[in-house]
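Peer 1: The lines below spell out each chain.
Protein chains: 2
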Amino acid sequence: MTNEARTEDRLKTGAASAEADSGASRCRRIVPVILAGGSGTRLWPMSREQFPKQLIGIVGRDSLLQATVSRMKGFSGDFEVAAEPIIVCGEEHRFTTEEQTRESGVDARIIVEPARRDTAPALTLAALAASKDGEDAIMVAMPADHSIADIPALHRAIAIAAEHAERGVIATLGIPPTRPDTGFGYIRLGAALEDGAHEIDRFVEKPAAELAAQYVAAGTYWWNSGIFVVRASVWLAALQKLNGEMHAACCAALGEGKDDGKFFRPAAAQFGRAPSDSIDYAVMEHIGTPSKPCDGVVVPLVAGWSDLGSWDAVWDAMDKDDSGNVASGRVVFEGATSSYARSEGGRLVACVGTTNIIVVETDDAVLVADRSRVQDIKGLVARIREQHAPEADTHRKVRRPWGFYDSIEHGERFQVKRIVVSPGSKLSLQMHHHRAEHWIVVCGTALVTRGEEQFLLSENESTFIPLGVRHRLENPGKVPLEIIEVQSGSYLGEDDIVRFDDTYGRCN
Amino acid sequence: MTNEARTEDRLKTGAASAEADSGASRCRRIVPVILAGGSGTRLWPMSREQFPKQLIGIVGRDSLLQATVSRMKGFSGDFEVAAEPIIVCGEEHRFTTEEQTRESGVDARIIVEPARRDTAPALTLAALAASKDGEDAIMVAMPADHSIADIPALHRAIAIAAEHAERGVIATLGIPPTRPDTGFGYIRLGAALEDGAHEIDRFVEKPAAELAAQYVAAGTYWWNSGIFVVRASVWLAALQKLNGEMHAACCAALGEGKDDGKFFRPAAAQFGRAPSDSIDYAVMEHIGTPSKPCDGVVVPLVAGWSDLGSWDAVWDAMDKDDSGNVASGRVVFEGATSSYARSEGGRLVACVGTTNIIVVETDDAVLVADRSRVQDIKGLVARIREQHAPEADTHRKVRRPWGFYDSIEHGERFQVKRIVVSPGSKLSLQMHHHRAEHWIVVCGTALVTRGEEQFLLSENESTFIPLGVRHRLENPGKVPLEIIEVQSGSYLGEDDIVRFDDTYGRCN
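Taken in sequence, the protein lines are chains L and V.
Here the first sequence is numbered in my numbering, starting from 419 and rising by one per residue.
Here the second sequence is numbered in my numbering, starting from 419 and rising by one per residue.
Hints may contain errors.
Because identical chains share one entry, a pair is satisfied inside a single copy or across any pair of copies.
The calculated lysine-lysine pairs, modelled on DSS-like cross-linking and capped at a C-alpha distance of 30 Å, are [said to hold, decoys possible]:
(1) K491 - K659
(2) K896 - K680
(3) K835 - K896
(4) K835 - K815
(5) K835 - K710
(6) K624 - K738
(7) K491 - K796
By construction, these hints were calculated from the structure, which means they are not laboratory data.
If we strip away everything but chain L, and leave its shape as in the complex, we get (with noise of 0.2 Å):
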């Protein structure tokens, strides 16, 4: 049996052993589901359509999405967790989730939405694949775009929701609110529960600010995480309930999907039919009414959690001078208070007697923002994609299966780009109409077709190759391969490509 088919029997059995066992003996066995299909421009312009926040190392070196899927090591509580958590990530990002996740040395099955349809179906695939072997697991779902500063506190959370995910309620953490958000759905607390937690009395959308300070005031609502605990079946059961057809759906999506060795893809025709929705619509806002599927509890996480949702939270996530100023990267405050200023395209940043300003500055675009105006950045960049600026959407390095591109500079008729190649990996072989390119190595070692012939260079080496000739850069050696590539010509369109062979099934 191969791996591929392994994987899939695996998942299929899963699909099919969930429904069955829904109510089975109880396992205490925890599967990290890490919801990986975020794509929001409020943290622009680092988090882009093509390169999104969970991608990024928003408050330390390690992406958001990194941070989560090694959330759970180390935890010590009554349960097993399991080795590999399960990822659901969009299609466009599934290279770097994948790759994010093995330099983190986690091993996860990824599974890849063939369509946006928001975070319930995407738990539902999770809880199809965690089920497997009739197991049915408890998943630790977590939006993978989140900060949490104290793990341990965490931890202790996650070890008492677990113990009422095992007995078939719906867990959630809550963070205890700090300040009348509007930003945040609300809890209303019912009952307390001798563990610290409540009962669940309902969910309530975000509210206005004067509803929020009541909220805050009452001390009887707490902010929602979206980090759920619950056993697989009991999910299933009560989407099954709530929502036959996206259900349906997904189970239909699951089982006829395909495993390709790093990715499981759910059948795209079937999982296109499950409707959008979020877990919170779908199914928490039902506890508490008279359709609920299943009792819900939620236990207080005070952690310094922080959902990142804006720079303003990213601020107020981070620690800071005695200004109350934050800096990342080549940054000078002279008379600044309560800022955030990071470089991150390397350029020296420096505020002057600012208050309040968030400025981040990337290769090809810089935000200047007053951090109580952060919500109109995706007003922005809804305005510039409109003016089809790239910034709005697409980084100046843009990331491929085998490595990544820079433009760093470009004219009239030429272009100069930095290319880097990850050991063993391998661009299309391809041709170009109307740009000829210039390639010398600055660092490790190429392998280069061109034409009919195939060489070696070596740093400081260099080679031509004329618009028309068949090509294919390689790195065969075991560092990276950094290039400068200089194009010349006419057009210089990334759409003048025509790839005759490709590793990474781009050839059509």
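Chain L is fixed; fit chain V onto it per the hints.
Peer 2: For chain V alone, coordinates are given in the frame of chain L:
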């Protein structure tokens, strides 16, 4: 007689005759004198030690210097204006000053200050040069880094001032104040004259805020614009009376100076003996005191004048949109008010909800400043200079007599430069001990010397210069030559260069 000898002769004659002819028959000839020795950092990061404010297009396409050298064009008063203005500039800015002046179609006499001594010695050098053949011209001395919107209004004011200058007084242009600015010197008005001018009662130093408010309320004070109209002989006599040491040093420096074809260079040793002082301190503040060397007159200038002394002043001098914003380059405002944003390095600059904020983006640095705190930029630059940040004084794009280079990317063992060589220009014959260079021609034609070979490279051709090999890059063509240079090696500092021959005298 060579051209150099003629100029030398001309200037020396001027130096001698001015002393002798003071008070001789009146000359109705105007010589514009451009004081271009500034090197301020208040407009950092655009203005830097290496490339100061007057060389930059702050308010338009032309640099402030270019706007200044062309400012007397079209003057239709009762005076003849010399076609050749006199420019006094610093050693390190002479090539760019000459280039920009030439680009503006102006043939100027450029005097290079051997050292910085403030404006009084600079004007004295110009006065000596302007007194050629005992002509005793009327100097219109203008700082090179101000902006004036209404040129006809300026010409009318200068025509009035020149009439006063002709009869032997020092005339200055004064700006009727529009706000109690503490950044300017003020002039207290004396008796009103028929032509709208006033006698100068006295010069007042930059006042504190309260005093400035009183001055503005009184209506009897104008701002000192820094534009002076005075006969050469009158200036020289006044200076001789007030500061004989400075006068003598300047006379000696000019007398023993040399002309190298493009530049007149006063003798360094002699000029070094001149005390450093401004026109205001050295002469103008004595007007209205018992030690006054002559009378003074102030002529009102209402012509959209700005000294562009800070980014706030630049904002103030520019046309604004309905929300009071000023954009330059790729800028998007979203809910911003009264802000100034400038994209100079080509990145998209987005301002969200900012109020009274200055944003200036360049290739290597980004400034974000509150408009009320722009005076702190000077301190900021001093601080980053102490930290040896190159952004304090130098730009990424470095001007050279032959063109410029821009360091567009660098890694551990490589560096990529874009090099542009002006038609007919050449770099020095040179050699590097620690780096090899790849050159790719992306525009124009290069004449390459490599070891004993010499050959032409056309667009899209490339060559390789191994380390230790003598080489030279030259543009034999009629259009700018543009190459991409990839340097590789263990040490890539600018100081790894051995020059064998250089057109611009940089071999030693």
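Peer 1: Hints the structure violates: just list their numbers, smallest first.
Peer 2: Numbers 1, 5 and 7 - these are the hints that the structure violates, sorted from lowest upward.
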